Amino acid sequence: MNTLNVRTRFWLGACAILALVGCAHQSASLYQWGSYQDQVYSHFKGGSPEQQIQALEKDLQVMQAANRRPPPGLQAHLGMLYAETGNDAKAQQELLAEKTQYPESGTYIDLLLKNASNARSAQ
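When you line the sequence shown up against mature numbering (1 follows the signal peptide of the UniProt record, and there is no 0), it's residues -26 to -1, 1 to 97, in that order.
If you are wondering where the hints come from, they were derived from the structure by calculation, not from laboratory data.
Quantities reported herein were computed from a predicted structural model and do not represent experimental measurements.
Don't take each hint at face value.
What the hints assert, rightly or not - Within a straight-line C-alpha distance of at most 30 Å, the following computed BS3-like cross-link-like pairs (lysine-lysine) qualify:
1) K64 <-> K32
2) K19 <-> K32
3) K19 <-> K88
Work the whole structure out from these sequences, hints included.
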């Protein structure tokens, strides 16, 4: 009978510990994603670049107000959307912001800027 009592106490204690661990505070995400993933999906499904720009700009404003970092690629994607709509100055601004925020993207961003420059020269 005493053994059953010890086993019962052990399992109750183990369950209590697991319950407390399950309720532990989750750390905040390193980035604030906003609607970025939805906008990338919309882009590949042929969604309106103007609507995507509007949504991503709104997300950036919310992130800046909350002092949070945008995820890698958001500003590059926004820059590509601006280039698609013909706003080259804004496209360059967003691409350079991505390169500043994430220096490891520099090689790719430089390639995009070079291709955009070559496309403007060809016109």
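| message | Does K32 sit within 30 Å of K19, going by the straight-line distance between their CA atoms? | response | 21 Å, holds
| Proposed proximity, K88 with K19 (alpha carbon, max 30 Å) | Distance ~27 Å between K19 and K88 Cα, so the pair holds.
| field | Holds or violated: K64 to K32, with C-alpha atoms at most 30 Å apart | value | Given that 30 Å is the threshold and the Cα spacing comes to 15 Å, the pair holds.
Hint violations for this structure: none, all hints satisfied.
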